[in-house]
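If you read the sequences in order, they're chains A and B. The first sequence: position 351 = 351 (our numbering), numbered continuously. The second sequence: position 299 = 299 (our numbering), numbered continuously.
Hints were generated in silico from the structure; no laboratory data involved. Accuracy of the hints is not assured; some may be wrong.
[Claimed, not checked] Below 30 Å or equal to it, Euclidean Cα-Cα: the simulated BS3-like pairs (lysine-lysine) are: (1) A:Lys120 / B:Lys120; (2) A:Lys119 / A:Lys165; (3) B:Lys362 / B:Lys330; (4) A:Lys119 / B:Lys176; (5) A:Lys120 / A:Lys165; (6) B:Lys119 / A:Lys120; (7) B:Lys25 / B:Lys176; (8) B:Lys223 / B:Lys165; (9) A:Lys221 / A:Lys176; (10) B:Lys120 / B:Lys165; (11) A:Lys119 / A:Lys87; (12) A:Lys119 / B:Lys25.
Residue-level listing of the chains:
There are 2 protein chains.
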Amino acid sequence: MALYVQKFGGTSVGSTARIESVADKIISYRNQGHDIVVVVSAMSGETNRLLGLAHDIDPQPSPRELDVILSTGEQVTIALLSIALQKRGCDARSFTGGQVRILTDEAHTRARIREIDDKKIRHELAQGRVVVVAGFQGTDEEGNITTLGRGGSDTSAVALAAALKADECQIYTDVKGVYTTDPRVVEDARLLRSITFEEMLELASLGAKVLQIRSVEFAGKYKVPLRVLSSFEEDPGTLISLEEETEMEAPIISGIAFTRDEAKITVSGVPDVPGIAYRVIGPVSDAGIEVDVIVQNVSADGTTDITFTVKRADAEQTRQIIGRIASDVKARDISLDTKIAKISLVGVGMRSHAGIASKMFKTLADESINIQIITTSEIKISVVIDEKYLELAVRSLHSAFGLGEAGKG
Amino acid sequence: MALYVQKFGGTSVGSTARIESVADKIISYRNQGHDIVVVVSAMSGETNRLLGLAHDIDPQPSPRELDVILSTGEQVTIALLSIALQKRGCDARSFTGGQVRILTDEAHTRARIREIDDKKIRHELAQGRVVVVAGFQGTDEEGNITTLGRGGSDTSAVALAAALKADECQIYTDVKGVYTTDPRVVEDARLLRSITFEEMLELASLGAKVLQIRSVEFAGKYKVPLRVLSSFEEDPGTLISLEEETEMEAPIISGIAFTRDEAKITVSGVPDVPGIAYRVIGPVSDAGIEVDVIVQNVSADGTTDITFTVKRADAEQTRQIIGRIASDVKARDISLDTKIAKISLVGVGMRSHAGIASKMFKTLADESINIQIITTSEIKISVVIDEKYLELAVRSLHSAFGLGEAGKG
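With the rest of the complex left out, here is chain A:
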């Protein structure tokens, strides 16, 4: 008998009919003798409806009050799911975040979980009940309602699994699991049966939006085995765990992530002196703009070029900021390119295998795709290329590294 924490997101509970299907799925686990704690999100569309009401009154509503409103979305779902379970003869009880003492800090709309008191839940499980908990929410020390930010239900599930030392935290979504790359781009993309936390973190941060990155970090930190699987299909999905596959045949590369969501800014001909990178990047960060890739190469003539990427939505504002400091930093030129794509190969196998980077570069060269920027980390190689070659590049790399169904075994 195992203890599972199962999390169902907004589309999985998007209607009362779907909530009833979720109840059936939970009961099929329950009937195998397992203890089940369920974490649910608001019904899809509900959070936006509630936000709309608040914004009707004030485009900048108080974060404390916003949390009071938003937390009702999950509160409705927990009760509906409990009703559906009870109707099927399964004893179940709903709890808000506050009721099971999910204690967070006071950072409304983006709170972080500090502590979970597992007593209440253990007591309910001991009575033979399925425990249904509202995701995305908690209360601070003073009893104010807090929310964890969008996607926070994944974090709630992982935190509960960690607190309860659950055997597995299962995140049910509308996809079957984690793929080697986006199946919409590469038809041959393969569902991964297992992947490490590190790999998942790299994939998630690079645009594979299956899981909230925070929840993966959390799961890794507390060593909670995490499984991503479909609410709508019978499939074991992808297990994310600490263990690397140790078989001989274990793949070197786990997946290829990519994003079109960035823009590249190059500040050319600045003096190659200590502190120059800070003087260029600092003002951008200070404006609350997230800077992703940053590269600076050695210089020949005492000047250097600094290139960095930001979210495409922030591109124009970033150009203006750089424009204002251009003369200060003695920049020769500033250029902005919004038509770029970033592609990353991810795999823990890279640590022990040489030649991955050169194989990647050769594959792209064979397709006459020019690489604009290269950055590497221990388990990842990223390149920035012209956006128009994105699909071609991903397909070529997917095939070159044998990631497709054909490359199996």
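Go by the hints and put chain B onto chain A.
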């Protein structure tokens, strides 16, 4: 500087625009230097929407889970109103029933308030804040969410006013206050400036649906001055208090209530022996049917007739019950009349004034309206008549007792 508890119902907060109007109204009181605690209901339609979701899954949902769902309606309103107040520069904070420790019993969907800890609210008021509390809800000793039943927000407001020893509990509605009778029936109906709790109780129980009867009882018990007034107009409305008007010109009759909602059942020719009334009425009550007026007159021939009224919706079931016991109680005949109306004159002045009843009977006789049943209490005289004479009877009585605008002063 006074402390007011102000309650705004569903139609008063039916849209974000209306919530903004409510904020303006609250601030106009605040600007006079008063402390304000606001109690709000769910936005109109919201409770039904939430009920609909639950009933989609199970027509008989668990009351505990129903309370978890329904309580979200008020939770949304408190936050929206707080946002609207803050936008206007008024410091405000929202609280659920549980957050301000409205402790109830465990009777889900119809809980009764046991205790309110006023510390939290007093602390917030001392910070200069408007305190916005979710009506209709509380938590039981174990922290489960409970609701007080429909209209329970009035009760929440009165209970808070009692706990805080507020100077006045103001119930904002979509009418201007309590009228001498229904203005839809008598054009000349006059808005009452003041009325006693007893009178209001009689009027409320007789169909004047301005206030929840429970909240009037509560206010009377805790001596909380209660004011009914309009959310949409500037008018002081009706003050409901302990004090009778002591002026010479104080009216004897405060108002005329009426209902078409009842049916009359007569069980004729039963033996006039001890216990007969119980044997007739007992089985009806045991079936959960509420019996209103009951009359039994003295008999001539050793038999008597027992007549009583029930809600019209219960008439058929009542006839069946009586049908089953008819031979047991040796009834000669059973008759059911659903085309009746009940009219009541209410006024504390009756205590000290003779001749009210006879004036009432004469007024009806002058219009050739036959009285079927008469019952009296200390401050009320009720008659049951043929439904078709209802409007005529109410108008004649309203005029005969000088209740209209014309009768003023």
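So, going through the hints one by one against the coordinates:
no., hint, result
1, A:Lys120 / B:Lys120, "25 Å, holds"
2, A:Lys119 / A:Lys165, "13 Å, holds"
3, B:Lys362 / B:Lys330, "37 Å, violated"
4, A:Lys119 / B:Lys176, "51 Å, violated"
5, A:Lys120 / A:Lys165, "15 Å, holds"
6, B:Lys119 / A:Lys120, "27 Å, holds"
7, B:Lys25 / B:Lys176, "15 Å, holds"
8, B:Lys223 / B:Lys165, "9 Å, holds"
9, A:Lys221 / A:Lys176, "25 Å, holds"
10, B:Lys120 / B:Lys165, "15 Å, holds"
11, A:Lys119 / A:Lys87, "27 Å, holds"
12, A:Lys119 / B:Lys25, "45 Å, violated"
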